[in-house]
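S.K.: Protein chains in written order, with my numbering: chain A, 16 to 127; chain B, 1346 to 1459.
None of these hints come from the bench; they were simulated from the model.
Do not rely on the hints blindly, as some may be mistaken.
[What the hints assert, rightly or not] Listed next, with one range per pair, are the computed distances between beta-carbon atoms:
#1 A:98 to B:1411: 16 to 26 angstroms
#2 B:1365 to A:31: 26 to 36 angstroms
#3 A:55 to B:1347: 18 to 28 angstroms
#4 A:23 to B:1358: 43 to 53 angstroms
#5 B:1409 to A:96: 41 to 51 angstroms
#6 A:57 to B:1457: 25 to 35 angstroms
#7 B:1404 to A:75: 31 to 41 angstroms
#8 B:1385 to A:42: 20 to 30 angstroms
[Said to hold, decoys possible] Per the computed footprint, the stretches of chain B lying under chain A, defined by three or more beta-carbons under 8 angstroms from a beta-carbon of chain A, are:
#9 1411-1424
#10 1442-1455
Ideal Cβ placement from N, Cα and C applies to all residues, glycine included.
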Amino acid sequence: DQQVKQNSPSLSVQEGRISILNCDYTNSMFDYFLWYKKYPAEGPTFLISISSIKDKNEDGRFTVFLNKSAKHLSLHIVPSQPGDSAVYFCAASANTGNQFYFGTGTSLTVIP
Amino acid sequence: EPEVTQTPSHQVTQMGQEVILRCVPISNHLYFYWYRQILGQKVEFLVSFYNNEISEKSEIFDDQFSVERPDGSNFTLKIRSTKLEDSAMYFCASSPGLPPYEQYFGPGTRLTVT
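Next up, chain B with everything else stripped away, as it sits in the complex (with noise of 0.2 angstroms):
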């Protein structure tokens, strides 16, 4: 059954460093989101793409983050310059089109902000 996948699975990064987070979506899915979720709270939409730029985002996702497709195949998600409240995990998503279309999700990546 195809699947969302992410690298990594753990990412430590000392605060003020760019990572880059990245995503396999499902091919044939046109939609691609990020969320987070910071320990103990619920998952926060980011950003959602389409047919090769951003949708829609929240407040999160300020300019310290950028989504790229790259390629045919990865999404990811780039946070310039990070903080500490950066911390959390975040999950990449696909779905074939808009709701009522599940959306798909990666198992995550744990980022830690030292």
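The following block holds chain A by itself, in its conformation from the complex (with noise of 0.2 angstroms):
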């Protein structure tokens, strides 16, 4: 049961350029969303989060997006460096509980 999808399993961006990572969810309870992003052999770390009365949130070159009738959200990074290179999770939660549900993640490449 997959509430929180991510289709694209892999993404190559150009340094400089815009990254546009995608996340889809299903369950219409959720009402806070974050992005982390992972490198490997460390945990995933905390990138930016939005709520659900807000349809953006922005902190220095990163972007999160809702669009909360689509239940779609999407995480900008502009410019893309090539440190920016990892695997971003979508996480979702919904107020009646204190889980998150991820996406199976998107591996980021920003080329030099």
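Relying on the hints, combine the two individually framed chains into one complex.
M.R.: As structure tokens, then:
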């Protein structure tokens, strides 16, 4: 039962260009969404979040957009840097529980 | 900067053996979690722990699994009789509160069951 889906397992982008990572969800009870970044041999690291009362949250080069009607969120990284190369996980939670539901991840490669 | 630590980094065990995975959450956090990631698959929630008891668990967390906070700093996951399909990365996480607080993850323990 995949409540959070990341349909692109990988993405390659040139340095300096925009990276767009996408995530879809099915559970309308989700009200909080996060993006985690994961390097090999490390645990996921929190990157940015958004509450369902917003449609955009920005932090430096990272912006998350939420489209509740489409049950879709995206992470924009601009400009992309080689150090951004990692696996990015989308996660969601509902106010009825305290677990996060993760997507399968998208492996981003930023080409110098 | 405070971080979640996990030991060991890699554990190899034979099928049917018991394993204990250890975690030291961030000291002022109140909620503790275990997740696992089977190779190539998504990160899956196992259990959350608050106030010395399980607050939520998934269907994966069956009777073979147990968690404990034996002292003020450690948080452990025990698998009583390991199966081949328990082979995965196990991540411990902690948070100061429920969502919208983010969860801080440890580096993981790779469990290999042979």
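S.K.: Go through the numbered hints given earlier and state which of them the structure violates, listing their numbers in rising order.
M.R.: 1, 2, 4, 6 and 9
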